[in-house]
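In case you want the letters, here they are:
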Amino acid sequence: MRLNIKRLLVVTIAIASAPSLAFAAEEAAPEGSLFGTLIYTINFALFAGIIIIYAGPALKGFFRDRASGIRSQLDRLNSALQEAQDLANRAAARMAKLDEEVAQIRAEMENETKFLVNRIREGAATTAERIRRDTELTSAANLDAAQRRLRERLAANAASIARDLIGKSFEASDQARLIDGFMDRIRTEAAQ
Amino acid sequence: MKNYRVARRYARALLEVAPRDQMERWGAELEKLAQIVESPELITKLTSPELPQESREQAMQKIAERLDLSFPLRSFAVVLARHGRIAEIGAVAESYRDLVDEQLGRERAVITFAMQPDDTTVQRVVSGLEAIAGKKIIPTIKVDPALLGGVTAELGGKIYDGSLATRLAEAQRRLAG
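Going down the list, the sequences are from chains A and B.
For the first sequence, my numbering gives the first residue as 1, with consecutive numbering after it.
For the second sequence, my numbering gives the first residue as 1, with consecutive numbering after it.
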C-alpha cells in the first residue's frame, strides 16, 4: 500500500511538471484565446489520461484495499459492538438478578437472624433457669451439709463433754446401776 | 487363713478317742501346744517347705514332749505334722474346745466390764447369760475402760451391749441427725 502511494506521487509530480515545461518552451499564448484553452484542455486530458493509465490501477488497488480494510474494521467494530451490547445486556440482567438475590439474601439473613436471636434467647433463658435451679440445689445442699456438720460437731462436743463428766464422776454405784439395767435387758430377752 | 472345716475333722477325731474324764485336759493341752507352735518364728520354720518331713515330725514330737503332754496328744501332734496340718493347729484347738463345750452342754462367753468387777457381779451376769443360752456359761472376763461404764457380753456370736460408750455413741448419732 505504501509503495503504491509513493509511485502515485512520483507519477503525479512528473505529469504535473510536463505542461509547465511545454509552456516554458513556447511563447506566451494570448490570454482568453481558443488555442490557449485547447492547449490547456489537451494538457489536462493528457494529464488525466496519464493519471488514469498509470495511477489508475494503483489507486484502484489502494481504494479496494482501503475499502476492504474499512469493511473488515467495520465488521470487527460491529462484532465488538455486538459483544459489548451482549455484555451490557448480560450485565443489566445480572444487575437485575443481583438485586433480586440481594433482596432474597437480605430476607434470608433477616429470617436467620430472627431465628438465631430466638434460639439464643431461648438458650439463654434455659441456661439461666438451669443456673438458677443448680444454684438453688447447690445452696440447699450446702445448707444441709453445713447444718449436718454443725449438728455433728455439736453432737461430738456434747459427747466429749459427757465422756469427761462420766470419767470424773463415774462411781461403783453407777456401774452397779448399769449392770442392773443390763441384767433386766437380758432377762427380758431370755423371757422372749 | 485357717481351714476350719479341716480343723473340725481333726478335732472330732481327737474327741472321739478322748475318754470323757480326759476331754477337758486334752483340750487344755492342745491349746498349750497350739500356743507354742503358733509363735511366729516356730510356725514359719515348721511349715517351711525346706524342712524335711521327718524333721518336721520329730520337731513336733519334741515340742510335745517338752510341754509334757499326754501320750495321745504327742501322737496327735505328730499326725498333724505328717498330714501337713501344723498351720491349722490353732483352729483344731478352737474346734476341739467348741466340740467339748457342745458335748458337755456349755457355752463360752466373753464378758467385758468397764471397771474391775467383784465375783458377785460376775456371777450375776453369768447367771443372766446362762438363762438366755439355757446352758452353762464359761466366762472369759475382760476389763475395758473405753466402755466408760456398764458391761458387754459376747455369747454364741451375739453381742449384748450394756455399755455407756455405746449409749453415748447412739445419743451422739441421734443428735447429729
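Incorrect hints may have been included.
[Stated by the list, open to error] Below are the SDA-like pairs computed for lysine to any residue, each with C-alpha atoms no more than 25 angstroms apart in a straight line:
#, chain 1, residue 1, chain 2, residue 2
1, B, K136, A, A190
2, B, K142, B, T152
3, A, K168, B, K32
4, B, K142, A, R187
5, B, K32, B, A13
Treat the hints as calculated values from the structure; they're not laboratory data.
All figures in this text were calculated on a predicted structure; none of them were measured in a lab.
Status of the hints after comparison with the structure:
Straight-line distance between C-alpha atoms of K136 of chain B and A190 of chain A comes to about 14 angstroms, which keeps the hinted pair within the 25 angstroms bound. Using a Cα cut-off of 25 angstroms, the hinted pair K142 of chain B and T152 of chain B holds, with the two alpha carbons roughly 10 angstroms apart. Restraint check for K168 of chain A and K32 of chain B: not satisfied, since their Cα atoms lie roughly 42 angstroms apart, outside the 25 angstroms limit. For the suggested pair K142 of chain B and R187 of chain A, the alpha carbons sit about 22 angstroms apart, so the restraint of at most 25 angstroms is met.
Restraint check: the Cα-Cα separation between K32 of chain B and A13 of chain B comes to about 19 angstroms, which is no more than 25 angstroms; the hinted pair holds.
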